[in-house]
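K.L.:
Heads up: the sequence shown is residues 521 to 943, going by our numbering.
Some clues are possibly wrong.
Listed next, the in silico DSBU-like pairs over lysine-lysine satisfying Cα-Cα at most 30 Å (straight line) [what the hints assert, rightly or not]: (1) Lys-788 <-> Lys-893; (2) Lys-788 <-> Lys-620; (3) Lys-788 <-> Lys-900; (4) Lys-689 <-> Lys-830; (5) Lys-620 <-> Lys-689; (6) Lys-689 <-> Lys-788.
Don't read these hints as lab results, they were simulated from the structure.
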Amino acid sequence: MREKLTVWALAFCAMSVWAALPHVDQDDVTLVQDSVSHLVTVTYTLRNAPAVVTLDIQTNVTGAAEGPWASIGAVNFRTAEGAVNRVVREVGVPQTITWKPYVSWPGGRYTDGRVRAVVTAWATNAPPDYMVVDLTRTNTVNFYVTADALPEGDVTNDLYRTDHLVMRKVHGAGAMFRMGGLASDDPNSAAYEIPHLVTLTNDYYLSVFTVTKQQYWRIMGGTQPSAADAVFPQTSISWNGIRGNTSWPSTGDFATAHAVGSGTFFDKLRRHAGLDWFDFATEACWEFACRAGTDYPAYCGQLDQTRLAKIAWYQENNPDGRMTPYAVGQLEPNAWGFYDMLGNGWELCLDWLSMNANYSDGSAVVEPVGCVKSASVSNKRAVRGGAVNMPQYGMRSAYRNGAGETQVNERYVIRLWHHAVVR
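Build the full structure now, drawing on both the sequences and the hints.
P.N.:
In structure tokens form, the structure reads like this:
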């Protein structure tokens, strides 16, 4: 039966309650536009504790301080720079944000009393929904409330598939869902997909795309991929080669369980970004994000070829006859904005591949991390999502397969997980 390490969630809750919540007093926020350059300068002061700071520019039609106020839309102030969209550590010190409305809001009108800046402080254990890691510069991580706020526009901009890494928060804390599949979905897989209720205890980030060749090269070096290959998934990898530490699931604390081997991709990415938790997802976290609130076999609904062709590269939707994955992000995402979670490549997960009672006895569980290795458990780690050469029956959120820890395969891919806590 699967292990449950609910103490991790309790430990993080305990860490979060001792400190006063970060805060920005809106009465202290100023917004001034230079009459010559038209540059807008916003000032604020962060109180109590370090925080992720975000900005909203709002307007009204009455000119009255009480509003009503409405945002001009994040797309119109995504050129904001300075102490914004990042962790601000200086408490009690005035901070500055600059914004060029003539660049990102050229049709907008700035009038005294009708435009204001709203500055929000997000606790470091509850950051905004989007996290973006700059792979060209160390310790450069930004946070955004919506995808519209990303500086380079839509997440499908090639920049976010090559030199930056976009991760979307999954609101898992307290969420319950049915994990596994129905016997009628695929009778041959019933022993591996016993349905059971799962409650998650933590929010977490997942990468919007699987890691591409260019992103991998940015961290690991070697020969740079060609422009034509840059946005294809990094493949020909192994579970152990990417992670290094094979002790999962550990009976230790959160940090011990998520320890990775020195010099591995996860280790180097953590050091590059200055973030502590890059890892594979557990099967439970992966399946919850894949389902994106649905309870159908696939997140597009039933296993209908017309629907599946819109979301997945697989055996019946493989016009080039490929045995290796297509470029990431070419098809439609699921409802939570994750691309290629079904088809294209096998996504490595933390859990051991188990079946029957080792996987589940049908009982409800909390934050499962997979079974402990034993003689009755396979020597393979779980992989999810199917692959480009997989038949239609594998295009299901519950479908499971396995990979040896040192097994290298041209269809294994990496979808990054990170705990929704930042330094």
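K.L.:
Taking the numbered hints from earlier one at a time, note which ones the structure violates and give those numbers from smallest to largest.
P.N.:
Of the numbered hints, just 2 does not hold.
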